[in-house]
Every structure is written in structure tokens, then in C-alpha cells.
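Visitor: Chains W, F and B supply the protein sequences, listed in that same order. Residue 30 is where the first sequence starts when you use my numbering, and the numbers rise one by one after that. Residue 106 is where the second sequence starts when you use my numbering, and the numbers rise one by one after that. Residue 59 is where the third sequence starts when you use my numbering, and the numbers rise one by one after that.
Note that these hints are calculated values from the structure, not bench results. From the three backbone atoms N, C-alpha and C, an ideal C-beta is built for every residue, glycine too. Accuracy of the hints is not assured; some may be wrong.
To be verified - Heads up, incomplete: computed chain W residues facing chain F, CB under 7 Å, no partners named:
{"hint": "1", "residue": "104"}
{"hint": "2", "residue": "137"}
{"hint": "3", "residue": "151"}
{"hint": "4", "residue": "155"}
Claimed, not checked - Here are the computed distance ranges between Cβ atoms for each label pair:
{"hint": "5", "chain 1": "W", "residue 1": "353", "chain 2": "F", "residue 2": "314", "range": "55 to 65 Å"}
{"hint": "6", "chain 1": "B", "residue 1": "266", "chain 2": "F", "residue 2": "313", "range": "34 to 44 Å"}
{"hint": "7", "chain 1": "F", "residue 1": "257", "chain 2": "B", "residue 2": "92", "range": "31 to 41 Å"}
{"hint": "8", "chain 1": "F", "residue 1": "134", "chain 2": "B", "residue 2": "214", "range": "16 to 26 Å"}
{"hint": "9", "chain 1": "W", "residue 1": "334", "chain 2": "B", "residue 2": "246", "range": "38 to 48 Å"}
Claimed, not checked - To list a few chain F residues with every Cβ distance to chain B over 10 Å, as calculated:
{"hint": "10", "residue": "156"}
{"hint": "11", "residue": "165"}
{"hint": "12", "residue": "168"}
{"hint": "13", "residue": "254"}
{"hint": "14", "residue": "324"}
{"hint": "15", "residue": "347"}
What follows is each chain in one-letter form.
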Amino acid sequence: MPRGLRQEASGNDGNTGLAGGVTLASIELVQVTKSFDKNVVIKDLNLKIEDGKFTVLVGPSGCGKTTLMRMIAGLDPQTSGSVLIDGKDVTRIPPGRRGVAMVFQNYAIYPTMSVRENIEFGLKNNKVPKEERIRLVESISETVGLRPYLDRKPSTLSGGQRQRVALARAMVKKPAVFLMDEPLSNLDAKLRVQMRIELIELHKKLGTTFVYVTHDQVEAMSMADTIVLMNQGEIQQEAPPEVIYRKPGNLFVAQFIGVPPMNVGELGADGVTFGFRPEHAVLSAEPGDFHYSVRGTIVTREMLGSETIYQVRTDRHTFMIKCTEDRFSADQEVFMGVPADKLFFFGADGNRLDERDQRIAGYMNALRVQSHG
Amino acid sequence: MDKRRLWEAVRPYVMILPAMAGIILFVIYPVLYLVKLSFYKYNLLNASRSKFIGLDNFTQIFTRGDFYSALINTVVYTVGVVLLTLILSLLIAVWLSRKSRFNAVVQAGIFTPHIISIVSIALVWMWMMEPSYGLLNFLLKSLGLPTSQWLQSSRTAMMSIIIVSVWQGIGYYTLIIVAALQSIPPSIYEAAALDNAGKFKMFYKITLPLISPQLFFILIIMTIGSFKVFDTVKIMTGGGPNNATTTLVYYIYEFRTTSIGYASATGVVLMAIIALLTFVYFRLLARKVHYQ
Amino acid sequence: MLAQRQVKTGEAPPPNVRESSAAAYVLWILGVLLKAAVILVFVFPFLWMISTSLQTFEETMAFPPTWLPAIPQWSNFVEAMSAGPFLTYARNSVVVTFSVILLQMLVMIPAAYAFAKYKFRGKELCFALVLLAFMIPGQVTFIPVYLMLAKWGLIDSLLPQIIPFISNAFGIFLLRQYFMQIPQEIIESARLDNASEFKIIRKIMVPMSMPALATIALFSFVSHWNDYFWPLVMTDSDSVRPLTMGIAMLRQTEGISNWHIIMAGNVVLVVPILIVYLFASRQIVKAFVYSGIK
Numbered sequence: 030m031p032r033g034l035r036q037e038a039s040g041n042d043g044n045t046g047l048a049g050g051v052t053l054a055s056i057e058l059v060q061v062t063k064s065f066d067k068n069v070v071i072k073d074l075n076l077k078i079e080d081g082k083f084t085v086l087v088g089p090s091g092c093g094k095t096t097l098m099r100m101i102a103g104l105d106p107q108t109s110g111s112v113l114i115d116g117k118d119v120t121r122i123p124p125g126r127r128g129v130a131m132v133f134q135n136y137a138i139y140p141t142m143s144v145r146e147n148i149e150f151g152l153k154n155n156k157v158p159k160e161e162r163i164r165l166v167e168s169i170s171e172t173v174g175l176r177p178y179l180d181r182k183p184s185t186l187s188g189g190q191r192q193r194v195a196l197a198r199a200m201v202k203k204p205a206v207f208l209m210d211e212p213l214s215n216l217d218a219k220l221r222v223q224m225r226i227e228l229i230e231l232h233k234k235l236g237t238t239f240v241y242v243t244h245d246q247v248e249a250m251s252m253a254d255t256i257v258l259m260n261q262g263e264i265q266q267e268a269p270p271e272v273i274y275r276k277p278g279n280l281f282v283a284q285f286i287g288v289p290p291m292n293v294g295e296l297g298a299d300g301v302t303f304g305f306r307p308e309h310a311v312l313s314a315e316p317g318d319f320h321y322s323v324r325g326t327i328v329t330r331e332m333l334g335s336e337t338i339y340q341v342r343t344d345r346h347t348f349m350i351k352c353t354e355d356r357f358s359a360d361q362e363v364f365m366g367v368p369a370d371k372l373f374f375f376g377a378d379g380n381r382l383d384e385r386d387q388r389i390a391g392y393m394n395a396l397r398v399q400s401h402g
Numbered sequence: 106m107d108k109r110r111l112w113e114a115v116r117p118y119v120m121i122l123p124a125m126a127g128i129i130l131f132v133i134y135p136v137l138y139l140v141k142l143s144f145y146k147y148n149l150l151n152a153s154r155s156k157f158i159g160l161d162n163f164t165q166i167f168t169r170g171d172f173y174s175a176l177i178n179t180v181v182y183t184v185g186v187v188l189l190t191l192i193l194s195l196l197i198a199v200w201l202s203r204k205s206r207f208n209a210v211v212q213a214g215i216f217t218p219h220i221i222s223i224v225s226i227a228l229v230w231m232w233m234m235e236p237s238y239g240l241l242n243f244l245l246k247s248l249g250l251p252t253s254q255w256l257q258s259s260r261t262a263m264m265s266i267i268i269v270s271v272w273q274g275i276g277y278y279t280l281i282i283v284a285a286l287q288s289i290p291p292s293i294y295e296a297a298a299l300d301n302a303g304k305f306k307m308f309y310k311i312t313l314p315l316i317s318p319q320l321f322f323i324l325i326i327m328t329i330g331s332f333k334v335f336d337t338v339k340i341m342t343g344g345g346p347n348n349a350t351t352t353l354v355y356y357i358y359e360f361r362t363t364s365i366g367y368a369s370a371t372g373v374v375l376m377a378i379i380a381l382l383t384f385v386y387f388r389l390l391a392r393k394v395h396y397q
Numbered sequence: 059m060l061a062q063r064q065v066k067t068g069e070a071p072p073p074n075v076r077e078s079s080a081a082a083y084v085l086w087i088l089g090v091l092l093k094a095a096v097i098l099v100f101v102f103p104f105l106w107m108i109s110t111s112l113q114t115f116e117e118t119m120a121f122p123p124t125w126l127p128a129i130p131q132w133s134n135f136v137e138a139m140s141a142g143p144f145l146t147y148a149r150n151s152v153v154v155t156f157s158v159i160l161l162q163m164l165v166m167i168p169a170a171y172a173f174a175k176y177k178f179r180g181k182e183l184c185f186a187l188v189l190l191a192f193m194i195p196g197q198v199t200f201i202p203v204y205l206m207l208a209k210w211g212l213i214d215s216l217l218p219q220i221i222p223f224i225s226n227a228f229g230i231f232l233l234r235q236y237f238m239q240i241p242q243e244i245i246e247s248a249r250l251d252n253a254s255e256f257k258i259i260r261k262i263m264v265p266m267s268m269p270a271l272a273t274i275a276l277f278s279f280v281s282h283w284n285d286y287f288w289p290l291v292m293t294d295s296d297s298v299r300p301l302t303m304g305i306a307m308l309r310q311t312e313g314i315s316n317w318h319i320i321m322a323g324n325v326v327l328v329v330p331i332l333i334v335y336l337f338a339s340r341q342i343v344k345a346f347v348y349s350g351i352k
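Build out the structure end to end from the sequences listed, making use of the hints.
Guide: Structure (C-alpha cells):
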């Protein structure tokens with residue numbers, strides 16, 4: 030399958046992070062709507078997934094990310110709108126012929142077939158000749174480390190091994206698109222971290238388009254070239270991880286990504302909300318000179334080793350602050366300050382005000398007024 | 106304290122005593138008694154005058170034509186019922202496997218014959234199979250097909266009984282297969298769709314292997330159950346016409362008062378056959394443990 | 059085409075882009091009609107039975123057959139019921155069925171509890187005997203049991219239809235499974251609360267296993283109410299015969315051709331179970347399927 034031109038993400042321009050120019054979209058959803066019975070889950074959604082990139086669909090349960098991916102696979106066809114893969118409308122093409130491979134959350138490997146038969150099932154159906162099939166299966170099993178297990182049945186394998194079978198089955202078809210539906214959620218923590226790294230390396234090696242669904246923002250941040258954050262069937266923001274983190278498009282994005290989430294508070298004017306990230310606030314025993322400075326008391330202290338998280342209560346808000354040093358204890362009075370360039374403002378509609386927006390100056394003043402040292 | 110310990114040790118036995126008594130008295134002992142009876146020429150009027158005749162009953166069994174014809178009838182019946190029921194149940198189950206309220210209604214509908222007494226079913230079908238006034242011949246005639254003598258001819262009687270048994274049993278076995286089909290996670294079919302498998306391939310390579318334990322179970326209990334057929338025969342044909350439908354149990358029934366020893370011996374043979382089938386089932390089952 | 063993920067509440071055609079052609083719609087309608095036809099195949103004989111039971115003799119003998127009687131002949135039922143001591147038959151069926159269920163409960167519950175929760179010598183052997191009993195059919199044991207009961211002079215009572223069944227091997231097996239799943243901790247805290255074993259069974263085990271008990275009772279009810287073979291070989295006189303035998307004998311008493319009477323009697327036998335089934339079909343179906351899967 031032809032690969033598109035791979036564009037380097039450069040500059041901090043807006044959402045896609047590209048320096049302008051042509052993008053060869055590998056997958057495109059156009060005005061896609063999906064409803065189950067009378068329930069409209071996704072309405073008029075448009076999305077372009079770049080060829081060769083690792084795109085992560087992330088969001089809370091029920092946001093529609095899995096539904097979206099299943100539409101790409103053709104397992105749950107859209108109610109209206111079209112799905113294009115490499116520019117071609119695949120709406121009428123059955124899943125087995127779209128050039129798409131999928132790793133399911135519960136792996137869905139065929140329980141009554143051996144590992145070898147599992148891997149070559151798709152090849153057989155696609156009429157791949159026997160010698161080539163054998164060669165492909167051998168090489169793929171070498172790659173994922175399943176060589177000694179080829180003749181075993183799935184019930185005799187561990188969870189991690191079963192996942193590799195699912196992976197091998199998907200890879201051996203050399204698909205144009207790799208879909209993964211929360212493939213790591215059934216693994217224990219240690220294995221999950223290991224597999225994350227392996228998947229990233231796999232993507233680097235193959236260069237195929239990866240579409241990855243997860244509810245875990247840490248996975249999304251660490252693995253993605255592009256994050257598509259969804260909520261209630263709508264795309265909240267579509268951007269590389271740095272952009273999502275440093276320039277969240279709206280309140281939802283700002284509070285979904287980041288642990289602990291961004292601190293927000295009402296400004297009290299025009300329904301505007303202000304916010305700042307826990308690690309950008311500075312705590313000290315003396316009053317400071319920051320744009321937004323307030324006095325507060327430490328409510329709780331969580332010392333995590335490399336960092337400490339304090340819960341600070343001011344007269345109007347309670348904030349979570351992340352510090353690298355552990356200088357304070359509970360019930361202590363502190364002064365918290367946030368520099369001007371680390372402050373975000375969100376309009377009444379939830380969208381972030383761009384830093385070039387005129388009204389920012391006014392709001393900055395309003396915030397300064399609230400400060401007290 | 107000692108009394109209490111004693112009670113605690115005896116208590117389990119007390120609790121299982123009625124159940125075990127029932128089993129020993131009405132199952133285990135009768136089986137042993139049956140074997141004993143099979144070695145006798147039993148005198149119903151004066152039990153003490155029964156004569157021990159060793160294996161005579163058994164030699165009689167294996168040399169008598171009517172025993173073999175009863176055996177063959179039973180085998181024919183079993184094969185007919187098992188094949189037809191299994192195939193039809195499987196097809197209907199696949200057809201009804203999607204979860205919907207309508208499908209549930211259909212399943213309840215086809216299950217109805219299974220909970221009705223065989224007496225009722227036999228009587229209704231006898232009425233429908235009446236050669237001169239029965240509904241079935243009327244339907245055949247109006248479709249331009251040849252009519253049948255159904256239960257009244259030795260050529261068609263067995264087939265008629267098989268049809269009734271299949272009709273009664275399909276609902277039950279369909280339900281078991283449907284339950285098995287619905288326990289297959291849909292994601293496996295989705296993975297197969299992504300592997301470009303056609304519908305038939307999905308059926309042969311995925312569905313069938315996954316439900317084969319249940320199919321196997323059905324096969325065995327149907328076989329064992331069919332060997333015991335009696336009620337349908339007794340009511341619909343009385344073993345005829347011309348012993349065309351005399352099955353093993355009916356054969357035993359015919360001799361139950363006149364030649365108790367002989368009947369017992371035949372009962373022993375029946376039990377041996379059932380034991381053999383059960384044994385085969387368990388051996389084959391032990392080999393097929395590796396699923397899910 | 060593919061297994062649907064959603065549970066459908068009705069048989070509505072799937073609303074998606076790929077299958078919205080007229081041909082697919084037509085196929086769907088055909089499917090529904092065919093399914094309705096299948097239901098008819100299995101239910102129609104009962105409807106035919108009811109229709110016949112209300113016809114006159116001439117209507118039944120007509121060829122082509124009379125589909126619906128001109129005037130429902132309710133007198134057929136009277137005639138059927140007076141062809142023999144049907145009140146006695148009905149009473150016998152009721153007494154036998156309910157006695158069996160009651161006795162089975164009394165015998166089965168302690169036994170299942172002992173097998174599930176106690177350790178004692180010979181437990182495996184006894185349980186093996188239970189499984190063995192499960193597999194030996196009445197068609198094998200009826201001759202010796204008859205001789206035995208005749209020797210004790212019990213043949214002229216209802217006992218031969220009741221006592222051989224007090225030990226319900228299937229029930230013991232099923233109930234033991236259920237009991238084994240009840241956490242030991244609940245029982246231990248009851249013991250700490252100074253409850254006697256019988257109290258534990260009565261107040262904890264039984265309430266917690268109602269579904270299994272209901273299943274077993276339902277299963278027993280249907281098999282004993284419908285039983286024909288065992289009463290046939292165990293009874294010598296009308297006073298102890300159940301309804302199934304009574305109806306079967308209608309053929310002899312009514313002669314070969316009085317189908318309207320015979321069907322009327324049949325309706326009487328079938329209607330109680332059909333009514334129960336109409337109300338509790340899901341539970342009944344579940345009971346039978348569950349027993350099959352064990």
C-alpha cells in the first residue's frame with residue numbers, strides 16, 4: 030500500500046502542529062454520524078488521520094472513541110457520512126477487505142486453533158500461497174517472540190503471550206492501518222509499561238498508520254504523535270501531546286490531561302475561568318511578587334519521593350500544587366504565586382482564550398486584584 | 106463434650122442417610138436383583154419355585170429373532186432421531202441465535218412440546234396421522250403429494266414415531282445450542298471478519314469447534330435417551346404393526362409378567378448397552394477438555 | 059451478517075449505511091414470516107387438539123377436515139371426564155406430584171449440604187453412588203422394584219409412584235454445586251452466633267439457593283405430572299392411576315374413532331401445564347436448559 034508523505038511536526042502553530050503544506054490523509058471521516066436505535070452517539074464528525082502517524086483516540090468512557098475506531102474497521106458501519114481510507118470510500122467494503130488490522134481489548138484469538146493457525150487464518154482467507162504463508166508466520170513469530178509457542182493452544186498461554194498472538198495476527202497481514210482497542214488494559218502494570226515501549230518501537234520500525242484507543246491519558250501522552258481527545262461524541266482537540274498539554278483548546282482538555290489536573294477557578298467576570306498547572310505555582314513562606322499571589326493553608330501533603338503534592342486552601346479556592354522540594358507540612362500557612370505567562374483563561378463557552386486575545390489584559394488585571402500578599 | 110464430638114462425627118451420615126437409603130433401595134439393590142433374576146426362570150405364582158437356569162436366558166436372547174428385531178428397531182429409531190434432531194436443532198439454533206425478543210418467543214414456542222406429556226403428544230399425532238380423516242394426509246393430498254399409511258403400515262410406522270420424537274425434542278436441544286452460541290464473544294467473529302473470513306468459513310472453523318462440547322453432550326444424552334424409548338411406542342402403535350416398532354424396552358415390557366427371568370435378562374443387556382455408551386462418552390469427553 | 063453487539067428489543071432491521079437496500083428489507087420480512095411459520099409447526103397441533111375437542115363426531119369424520127366447529131361442543135368434556143374415574147385420576151396426579159416434590163426437598167437438602175460442606179469418610183464413594191443412580195433408568199429397575207413393592211403389599215397404594223423417587227440424584231448434584239458456592243465465612247459466622255446446623259440450613263442455605271430449588275421443583279413437577287411409564291408398570295387398579303394413564307386409556311374406552319372425546323380428555327391433561335408455561339416460560343426454559351448443561 031502506498032505510504033503518504035510523512036510531514037515533520039514543527040512549529041507551534043495551532044492544532045495540527047504542521048508547518049503548512051500537503052498532508053496525505055491515510056484515513057478520513059467525513060460528516061460521520063452514528064446512532065444506536067434512537068440514540069445519537071456521534072454527529073457530523075470530521076477527522077483526518079495522517080498516514081504513518083501514531084494517532085491516539087482518548088477520552089472518558091462513552092466518549093465515542095471505540096465507536097469511531099470500529100467505524101474505520103467497518104465492524105459498526107456509520108449511520109451516515111463516509112469513511113475514506115487512502116482517499117477511497119470504503120463504506121461498502123466489508124471489514125476483511127479494507128486493508129485494516131485490529132487488536133481487540135480481549136484479544137479475540139480463536140480458542141480452538143493453535144497459535145500458528147490463528148496467525149495464518151487471515152492469510153489463508155486472502156489466498157496467500159502456502160510457502161509464503163509459512164515464511165510469513167515464521168518471521169512474524171520470531172519478531173514477537175512466539176516461535177516456541179506456535180503449536181500451542183491459546184488456553185495454555187499467559188495474558189501477555191495471548192496479546193502477542195493478537196499482535197502477530199494483525200501484523201502478518203501487513204495492513205495499511207493498525208487499529209488497537211485498549212490492548213494494554215488487561216495486562217498487569219509491569220507488563221503494560223513494557224508493552225507500551227514495544228509498541229512505540231514497533232511503530233517506528235513499521236511506519237504504518239497506528240490508531241490507538243485508550244482511556245488512559247498517560248498512555249496517550251507517552252505514545253502518540255497526535256492525540257485526538259473526545260468527549261460525548263465530539264472531538265475536543267486534535268494535536269500532538271505537547272500542544273495539548275501546553276495549549277489546551279478548552280476547559281475539558283485542560284482538565285483531562287495532566288495529573289493532578291489543571292487548577293481552575295472562576296474569575297467572577299464575564300463567566301471567565303482562569304487556570305494554571307500544579308507544577309507552575311510557587312509556594313513560599315513569605316509573600317511573593319507573582320502576578321497572581323494568594324495566601325493559603327496546607328490541607329494535605331503527599332510526599333511521593335521525586336515530588337510532593339500539596340493541597341492548598343485559600344479563602345476562595347482549593348488548589349493542588351506540585352513541588353519538587355518538600356518544605357512544608359500540613360496546617361502550615363503559605364504563600365502561593367503563579368507567574369503571568371503560566372496563566373490560562375477560558376471563556377464562558379469553555380474555550381481557551383488565545384494569548385493574543387485583547388481581553389486577556391483585562392482579565393489579568395481582574396486576577397491581580399484578587400491577589401493579596 | 107464427648108457427646109457433642111460424637112454427634113458431629115455422626116451428623117453427616119445422618120444427613121445423607123435418607124438420600125442414600127433411597128438410592129440403595131430403589132436403584133442399586135434393584136440392579137443387583139435384576140442381574141440375579143436374569144439367571145432364573147421366575148415363577149410368578151410361587152417365587153420359591155423359581156428355577157436357577159444359569160445363562161439360559163441370555164443364550165435365548167442372543168438366538169431369538171424377535172430380540173434382534175427389537176434391537177434393530179431401537180438402533181434404527183435412535184439413529185433416525187439423533188441425526189434428524191441434531192441437524193435440525195443446529196440449523197434452527199443458528200437461525201435464532203441473535204438476541205432479540207422475537208427470537209426468544211420463537212424459542213419458547215418450539216420448546217412447548219417438550220414440557221407436554223408424551224401421552225398428549227402421542228394422542229394428538231395419532232389423530233393427525235389418521236389415514237382416512239387425519240390432517241396430515243389432507244395436507245399432503247392438497248399439495249398433490251402421495252398420502253401415507255403412517256402408523257398403520259409396518260413400512261411407515263417407525264418413520265412416523267421418529268417424526269413425533271424429533272418434533273418433541275427439537276425445542277429442547279435448540280435451546281441448549283442457542284445458549285452455547287450466545288456464549289461465544291462477538292469479538293471473535295469480528296476478528297474473523299477482519300481476517301476476511303466468509304460466513305461458511307466462520308461457521309466451520311469457529312462456531313462448530315467452539316460449540317462442539319455441547320453438541321457432543323447432546324449427541325450422547327440423545328443416544329442414551331433414545332435407547333430407552335417406550336411411551337410413544339406403547340400409545341401409538343403398541344409395538345406394531347407386526348412388531349415393526351417394537352423397541353427394546355417395549356420388548357421387555359411385553360415379557361414383564363409372563364417371563365420375568367427373560368425380561369430381566371433383556372434388561373441386563375439394555376443396561377450393558379447404556380453403560381457402554383456412557384463409558385464411551387466419558388472417555389471421549391476426557392480427551393476434549395481443552396476449551397477456553 | 060456479523061454478530062450484532064447490541065441487544066435488540068424488537069426485530070427491527072439494522073439501521074446502517076451498508077444494508078439499506080430494498081432487497082435486504084424484503085429478506086428480513088421473509089425471515090420473520092418463516093419464523094412465524096416455524097412457531098406454527100410446533101404450536102399448531104395443540105390448537106388442532108383444542109378445535110377437535112369442541113367438534114361433533116360428524117365434524118371430526120369430515121374430509122376435508124373441519125377447521126373450526128360450528129358450535130363448540132362443551133359436552134365432549136363432560137363425556138370424556140365421565141368415561142372413567144377422572145376425579146380419582148386427577149387427585150392421584152396431584153397427590154403423587156406434590157408428595158414427590160415435598161419429600162425430595164426434605165431428603166435432598168440435608169444430603170446436598172453434607173456433600174457440600176462436610177468432610178467425612180466415604181463421601182466420595184457415596185457421591186459416586188449418587189451419580190451412578192442418576193444414570194440408571196427406570197426402564198431397567200422397574201421389574202425388581204415391582205416385585206419388591208408387591209412383596210411388601212404396597213402395589214395398591216400411591217406409594218410405588220412416590221417413594222422410589224425421594225432420592226433425586228439430579229437435585230442432589232445441582233444443589234450441592236449451589237451450596238458449594240455459598241462462602242464458608244457466612245456459615246462460620248452463623249456458627250459463632252450459636253446457630254444449630256439445621257438452623258443454618260433453614261435460615262441461610264435454603265433462602266440463598268432459591269433459584270436452584272425452584273429449578274429442581276419445576277423440573278420434578280413436569281416430569282412427574284407427565285409420567286406415564288412408571289405408573290403404567292406400577293399400578294394394577296384404577297384407584298391409584300394418574301391422569302396420564304386415564305387419558306391414554308380413553309382410546310380403549312371410547313373406541314377407535316371418538317377422537318373428539320379423546321381430544322377433550324387430552325385438553326384437560328395439557329391445559330394445566332400450558333397455563334403454567336405461559337406464565338413462567340422463561341423460568342421453565344431456563345430450568346430445563348440448565349439441567350441439560352449441568
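Visitor: Now tell me if each hint is right for this structure.
Guide: A quick look at each hint next to the structure:
no., hint, result
1, 104, "holds (5 Å)"
2, 137, "holds (4 Å)"
3, 151, "holds (3 Å)"
4, 155, "holds (6 Å)"
5, W:353 - F:314: 55 to 65 Å, "holds (58 Å)"
6, B:266 - F:313: 34 to 44 Å, "holds (38 Å)"
7, F:257 - B:92: 31 to 41 Å, "holds (33 Å)"
8, F:134 - B:214: 16 to 26 Å, "holds (22 Å)"
9, W:334 - B:246: 38 to 48 Å, "holds (42 Å)"
10, 156, "holds (16 Å)"
11, 165, "holds (17 Å)"
12, 168, "holds (22 Å)"
13, 254, "holds (15 Å)"
14, 324, "holds (13 Å)"
15, 347, "holds (18 Å)"
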